[in-house]
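Both chains are sitting in their own frames, so use the hints and assemble them into the complex.
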Amino acid sequence: MCISVCPGGTHHPIQCIVPPHMLRVIALRGDERTAEMARSLLKQNQKLRQEREDHPHPCNQGDEAPAAIAGGGNTRAGSTFTPDRRVHDGQQKAALPGKLLRGEGDSPSDNADVDLMYDAMGEVFSLYADQFDRNSLDGSGLALIATVNHRRNYNNAFWNGDQMAFGNGDGQLFRTFMDLSVIAHEMTHGVIQYSGGLVYQDQSGALNESIADVFAAITQQRQLGQAAHEADWIIGSELLGPAIKGVGLRSMKAPGTAYSDDLLGQDPQPFHMDNFLSTSDDNGGVHINSGIPNHAFYLFCMLLGGNSWEKPGQIWYRALQELNNPMASFAEWSDQTVAAAIELYGTGSPEALLLRRAWKLVGLPT
Amino acid sequence: MIIEISSSGGFGGIPAAAMHKRIDVDQQAPSLRQEICDAFEPRDLRQLAARSGNSRGADRMVYRITVTDRQDGPHVYDIREDQLPAEILDLIDQM
Ligand SMILES: [Zn+2]
Numbered sequence: 001m002c003i004s005v006c007p008g009g010t011h012h013p014i015q016c017i018v019p020p021h022m023l024r025v026i027a028l029r030g031d032e033r034t035a036e037m038a039r040s041l042l043k044q045n046q047k048l049r050q051e052r053e054d055h056p057h058p059c060n061q062g063d064e065a066p067a068a069i070a071g072g073g074n075t076r077a078g079s080t081f082t083p084d085r086r087v088h089d090g091q092q093k094a095a096l097p098g099k100l101l102r103g104e105g106d107s108p109s110d111n112a113d114v115d116l117m118y119d120a121m122g123e124v125f126s127l128y129a130d131q132f133d134r135n136s137l138d139g140s141g142l143a144l145i146a147t148v149n150h151r152r153n154y155n156n157a158f159w160n161g162d163q164m165a166f167g168n169g170d171g172q173l174f175r176t177f178m179d180l181s182v183i184a185h186e187m188t189h190g191v192i193q194y195s196g197g198l199v200y201q202d203q204s205g206a207l208n209e210s211i212a213d214v215f216a217a218i219t220q221q222r223q224l225g226q227a228a229h230e231a232d233w234i235i236g237s238e239l240l241g242p243a244i245k246g247v248g249l250r251s252m253k254a255p256g257t258a259y260s261d262d263l264l265g266q267d268p269q270p271f272h273m274d275n276f277l278s279t280s281d282d283n284g285g286v287h288i289n290s291g292i293p294n295h296a297f298y299l300f301c302m303l304l305g306g307n308s309w310e311k312p313g314q315i316w317y318r319a320l321q322e323l324n325n326p327m328a329s330f331a332e333w334s335d336q337t338v339a340a341a342i343e344l345y346g347t348g349s350p351e352a353l354l355l356r357r358a359w360k361l362v363g364l365p366t
Numbered sequence: 001m002i003i004e005i006s007s008s009g010g011f012g013g014i015p016a017a018a019m020h021k022r023i024d025v026d027q028q029a030p031s032l033r034q035e036i037c038d039a040f041e042p043r044d045l046r047q048l049a050a051r052s053g054n055s056r057g058a059d060r061m062v063y064r065i066t067v068t069d070r071q072d073g074p075h076v077y078d079i080r081e082d083q084l085p086a087e088i089l090d091l092i093d094q095m
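Which chain is which? The protein sequence lines are A and B, in order.
Take the first sequence: its letter number 319 is residue 319 in UniProt numbering, and every next letter is one higher.
Take the second sequence: its letter number 77 is residue 77 in UniProt numbering, and every next letter is one higher.
Excised from the complex, chain B in its bound form (with noise of 0.2 Å):
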């Protein structure tokens, strides 16, 4: 499975400025495997993405999420900062 995960928006609103990481979960430690695979649970993700229209609060940035395993090719999840749970963005700004 690989997980890419892009920014945009945010105070500066540069494309430039954005993240952009690439993970091969089949590479990592099996600890953080399961970590990871726990976290970008797909329906979890399209829940999270469901909830990110219009809300109070500026500046955020949306993270683009792609999850691709072998059976079912691409997802991709676009989601603002603020819907992803605490421990994910900890976990994104780790890998």
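So that you can see chain A by itself, here it is in the shape it has in the complex (with noise of 0.2 Å):
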């Protein structure tokens, strides 16, 4: 970014140096001045942004992600977003939120769970709003309330519509479902059902299924800074038992190879149309067939090479505001993802041809 040499705005020589993300990060983890001040130098580079859109000036141009799409409005000044997260202990009983231990700006609590499901839900929360200028799950703010030692051995973590909840595994088959993976997978539930839903059932469910897991691994790969090629795209990789068989619950690079135990059986997922599984178990199978959409992300980010989540992710996002379908097929989501495609990058672009490949090559030919 060019900051220093546009008219009109209050320069600050740390804002050309931290980019927001970094920014954002400080104010979520740092220490209470440390904090304040990066707030305040987000302020300044909303403000500036506000300045550039006024008065559009040629160091501006191509410096932006792609303008933020239809999801719930109020989400241009992406980089002032601030999370209101509620982070509750459930005393491993069923009832829910439980006790609120620890809230926004409170300082760590003395429960290492509680603040691991602070610190990773401020960091799926930077990246909606960093990467795709969406304030919180409904684009508007949602306060972000979470429930871990949800239960008594419990073997889950799910959105229930309004809030997440977490278990702690039965120690034996799961040792946590603490996993960031999880936790951006859960909150991606909630951003998908403020994006028009998807219906939990058969391909549809499948999808959202696929949705949640595809921002999982971005959001992963964000924090370590990893590109594509340099990722594991195991979802889930610090659940299981210590002594099961496998590498974590899902893999998006070789779906059906995450784990293959005794106890836990074989990991179902299929990679490819010819093998999608009809059941009646699961809502439809919507954690089995979700490989098949899983894998072609997987492909089309190591097609296009770098980041997941830059194009590939702004890509799906776009898709998913766009989608406008509750009851979406496998190839209608397909299809959206390509036209999202060709609308941020054209008909011929390498992004739109690629992303055609990576559908093609798991059996859905758009």
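Because the hints were derived from the structure by calculation, they are not lab data.
Since this is a predicted model, take the numbers as computed values, not measurements.
Simulated DEER-style distance windows between Cβ atoms:
hint : chain 1 : residue 1 : chain 2 : residue 2 : range
1    : B       : Glu87     : A       : Arg175    : 19 to 29 Å
2    : B       : Gly53     : A       : Asp110    : 37 to 47 Å
3    : A       : Gln92     : B       : Asp44     : 18 to 28 Å
4    : A       : Asn325    : B       : Gln27     : 46 to 56 Å
5    : B       : Gln27     : A       : Gln92     : 22 to 32 Å
6    : A       : Asn325    : B       : Gly53     : 17 to 27 Å
7    : B       : Pro42     : A       : Gly363    : 45 to 55 Å
8    : B       : Pro30     : A       : Asn153    : 19 to 29 Å
9    : A       : Gln91     : B       : Pro42     : 25 to 35 Å
10   : B       : Ser6      : A       : Gln201    : 19 to 29 Å
11   : A       : Gly225    : B       : Ile2      : 49 to 59 Å
12   : B       : Met1      : A       : Glu230    : 51 to 61 Å
13   : B       : Ala50     : A       : Asp115    : 33 to 43 Å
14   : B       : Ala29     : A       : Leu224    : 51 to 61 Å
Straight-line distance between alpha carbons at most 25 Å, and here's what the computed DMTMM-like set of lysine to aspartate or glutamate pairs gives:
hint : chain 1 : residue 1 : chain 2 : residue 2
15   : A       : Lys99     : B       : Asp90
16   : B       : Lys21     : A       : Asp262
17   : A       : Lys93     : B       : Asp24
18   : B       : Lys21     : A       : Asp261
19   : B       : Lys21     : B       : Asp44
20   : A       : Lys93     : B       : Asp93
21   : A       : Lys93     : B       : Glu87
22   : A       : Lys93     : B       : Asp90
23   : B       : Lys21     : B       : Asp69
24   : A       : Lys245    : A       : Asp261
25   : B       : Lys21     : A       : Asp281
26   : A       : Lys93     : B       : Glu4
27   : A       : Lys245    : A       : Asp262
28   : A       : Lys99     : B       : Glu87
29   : A       : Lys93     : B       : Glu35
30   : A       : Lys253    : A       : Glu230
31   : A       : Lys253    : A       : Asp274
32   : A       : Lys93     : A       : Asp115
33   : A       : Lys93     : A       : Glu238
34   : A       : Lys253    : A       : Glu310
35   : B       : Lys21     : A       : Asp170
Note that beta-carbon positions come from the ideal geometry of N, C-alpha and C, so glycine has one too.
What follows is the structure in structure tokens.
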């Protein structure tokens, strides 16, 4: 960015050194004084952006992410959004949300799970704010509510339409559900819900699952600063119990290979339409057939090269905002992503061509 | 009366990770027996099952609750976890 030569703005040297997404991290995680400084810089940054929009200048061209798209309004001033995180302790009971242990701006609690959740929610919030100009799950600053220690030996994490809840696992099959990829996955279910929704059954349900996994992988890779070819593409790498033979719950790189274990069985995910599974279990196999669109996203990122949270993320996010079809099939979703790639990068662009190739490789020609 | 509870679905969607519990209610202590009978009242379970259609949310588990008594055989109810009152879920965790 070349803020320093732009007219009309208050220049601060740190602004040119520290990119907005780092400022956001500081605002989220720094001590109170540093956080306050970061917040004021972010505010200045927003003012500058507004001024640049009002007075276009050649030096501003091409340094912004694609413009915000419909998604709940109020999404223009991306870099000034701040989260409203509330982490509760379920105390091993089922009642939600449980006891509030850490609210936004509170200093760290003495509970590691609570602090992990608080930081992870900040990471996911920052992905949506900085990369997609989205203010929280609903685009309007919705509070991020999570309950940790949900129930006893509970082998699950879920989004209930209003909040998330995380079990600790039974210690044998699962040792935790507190994993950045799981937290990003659950929060993305919220984003999907507020983006028109995808009915949680059969193909539209598997798309709901896949999009949650895609943004989980994006969150993780962005946090680690990993390009597509450097990432492991595993969802839930922290989850499996100590004796379970596996690397995680799902592999976007090689669906069907995440685990193979006497207790847990064999990872059932297909990576091609030829192996699409028709079942009545699991809402029509929503966690199984999601392997197919998951793998298409992985292939596209690898064919294109670079970072998943940049062009591929922009395409998937835009497609989600424009889908407007809660019953979408895999074919309709793949068409929607190609339409988004063409809108963003052009008909004959490498992005559009490679995306079509990726879909074709999983048996979904567009 | 026998109550069998199994689960499916959830974040993993893995059948092998599901819960399976079988409770012979007559063998329980009298206080717990009463609590279980109240919680697993067939009419309530029927209503809860009827409310377990599609809704907002994701990754929830579904419980299949089978209640078998001597008089009229097994009754099967499929109930999504968020439709069960917290007290019943706590009771399931305890059983
Ligand atoms: Zn999910």
